[in-house]
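Novice: Residue numbers (the working numbering), protein chains in the order written: chain A, 1 to 293; chain B, 1001 to 1260; chain C, 2001 to 2351.
Read the hints as simulated data drawn from the structure, not as lab findings.
Be aware that one or more of the hints could be misleading.
[Said to hold, decoys possible] Quick partial rundown of chain B residues pointing at chain A, CB under 8 Å, derived from the structure:
#  : residue
1  : 1006
2  : 1014
3  : 1080
4  : 1082
5  : 1104
6  : 1231
7  : 1236
8  : 1238
9  : 1240
10 : 1242
11 : 1244
The model shown is predicted, which means the values in this text are computed figures rather than measured ones.
In this text, a Cβ means the ideal position worked out from N, Cα and C, and glycines have one as well.
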Amino acid sequence: MASTVMAPEAARPGRQARTTARFASFPAALPGIGVLAVFGVVPLVVLLVTALGLGATGAGEDAGFTLEHLTQVLTSSQLRGEVVNSILVGLGSVLIMLVIAVPLTLRMSRDGGGSGAVAVVFTLPIALPGIVVGFFTILMLGRTGIFAQAVPALGGSAYALPGIFMAYIYFSFPRVIGPLQASVSTFDHSLVDTARTLGASRLRAFFTVSLPIILPAVVQVLGTAAAVTIGGYGTIATLAQHERLLPLSVADQLSNGYRVASASGLAVVLALIAAGTLALSRAASTWLSRRQR
Amino acid sequence: MSGRTDRAVTRAAVTLCALFILTPAVVSILVAVSANSARGLLGDGVTGDWLALAWEQMGETLRRSAGVAIAVVAANLLVGGPLAMWLARSTSRWTRAVSFLATLPLAIPGIALSIGLITLYPELRPSGALLFFGHVLVTLPFALAALTPVFAEPALQTCEDVAASLGSSNPRVLLTVTLPMSTTAIVQSVITVFALSFGEFNISFFVNPPASPMAPFALFDAYATQRLELASAKTMLFMACVVPLLLVTVAAQRARQGKE
Amino acid sequence: MSDRWLEIEQLSIDYGGTRAVREVSLSVPAGTTLAIVGPSGCGKTSLLRAIAGLVPVAAGRIIAGGDDITSTPPSRRDVGLVPQQYALFPHLTVRGNVEYGLRARKVDPRSRAEVVERLLTFTELTDFADRRPAQLSGGQRQRVALARAMAIEPRVLLLDEPLAALDPQLRGAMRRQLMTLLAASTGVNVMVTHDRHEALSMADHVAVMRAGELVQFGTPRDLWDRPADDFVADFLCAATYVDVEADDRGVHALGGHWTIPHELLQPPSSRGPARLLLRPDSLLLHDAPAPGSVEAVVTHTEFVGESTQVTVDVAGRTLTARSGRPVRRGDRVFVTLSMGTALVQKEKVAA
């Protein structure tokens, strides 16, 4: 496992047939559950209530039930574009990363090449917040970035969709490679050898043996990483000039003019997209791995 | 077969990926020590002035961020440790529901959570208490992910059984067997939580008390308003705070893998 | 008291809503080794964990050294535990492991050092005292686990599959060494195993369990000679019971297809229904009919080195025999009983 930050799906291990559960005390667990409830669940409920116009309202907002704050992502063409871009960039960057990472991690688990230095480098971006990743992109592809100095046409591309894509690929790199390395580490390479001795070409063996076996893990990684990239604010906040993603509007609604209900509405939509991606991928992953048994 | 070319191709791909990751970091360091980066990397010679200025402007903020991160780590151990133990070992049917709760802060974008938090608890914001709890909330799932599987390991529980049958009281079992055998996981969760809290920006964006910004805010501000060299120097200081910790975690993980 | 050092009375254990162990009673004297055998899931490990106090008891009592320990917490039972994978504390040295219980009991440093040195010498681990468990071989780990449990001079020493974690090639030698070490303990050694050779060769008393119940309890010789039922015969002796009816002409088996002369049987049979205990070496194979033989067809052969293990079909019943000379599948052979080896027992055997 090369990733510092493991995706917490392993939080429920197989329970052993034990009747003594030493140190497992519900009262001792309560403060933790309390934090999750008081600062996680309750704010989410309040967010939803506010988004429906039933809670706090801000400047120029009427109190009373309305779906307007939620449906504005459909009615406003600007917001519609942001939603599409958010999904495109969030999913797209992770998909591009997977196309690179699936063969790479398979080959690394077979051929080695994962020295300590490589493990550190591949994990490095996880310790960097999104804003730093955005800044890195400016250094490379900004108006005076080093690529712009070499190829003037690239100047300022950090702020256009291709540059934003690069930033999000960088951001998702450790979030894809790390969990994928962990699940590929148990991959049985003799399966591929067997397929090859049966006459399968390298490509055929990959698509008919390796990929189907690791697909549940790949789908799960896709969802987990995409949920983070879709919801991330830092990177786009640094790179926002012409192109906009949904998290920007969530923040703007609140900071410019304190439209709290509208901001909550957009936040709920953003949360639905991110959490929905995660939930869908988990369901698909479970379905796929059940089909293998 | 062509094993050697295979390995060469793998190595080349790994190297390319490493370059992709490292180049911007190296460039930011070079810009930070350039007198005038508009004239190219290391343009007009090398200087430490930007770093000195960055430290002068940001040292206090880094210290404050580290303080918050340490408090968040402590809270995670005190609150997350017993919770992880319960999740790992209890036969209660509620563990499933609580593990689901613990995935919420991962699935819900921080910016959305932070709007909910300031709407609900505005009075906690100025003191920084809301920032603290927000950070505990988003880091808790990672602490649980590191600790729960280790606490659930049958080998650990068998060692505890043996220690008890040899005459150890429960607190003694905890101190002499459970904690020493979980050291790697505990260190890993401490470092992960510290790094996450230190670099947290999404949930902090609205929750952060305006009077005392945290390190990522100082960076964000620098990116928007300051010279590239100074912004790079501040980024370099920030990385200097978290990257060494990352080295420790990776080393600890590899040591454990080597043992197995 | 010492002839009933460990006593288990009507013990029942529940496991997640189902009864894992049902009303087991047995007692063994001090200085002996009890083996609990049975197939996996028979409740033998639950019984062991109940003696250690690691699973709650639903009903019944456990008495060790004269004290009722049924509800005593594990830390005050004086029960030494050697788990299957030994569960050595990985963060402590060999010495640290062995002295763990003595430290927990606040034994003063001088006598602690004395006990540890004695046990390290006894288990031949003195040279490894400062090593960590990860640096030891499987056999050395087993001895550390044993020394650690013996250091507290337990009333009962519990061993869960003590040889299962070792290489099969090492097991013979380790079994002999383990027996020497176990002989030194003053309480009762309780060993759980699924291997009948281990149970028969190492224990003074054997308890056979199946589906949570005690099927038979006795000395290895008792069980070998008079297994209580088909299950014990098959599991412990690799033998088969065949129902017979004895009259003046002989003993009739397999629905009258096979009549065996009285003089081949040991002890000589009385008249009436009985059972025949057939072990692989009880049957002889011939090419031609012989007095008291029955015709059979070879269904499977397996060369095992010193002989050939032959499975034959006799009037629809499958039996196993050993043959010195080669036979092939499909061969027609004639089976007789070897002189005096098979026992006829009364239909009702006391369990």
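Novice: Checking each numbered hint in turn, tell me which of them this model violates, lowest number first.
Specialist: 7, 9, 11
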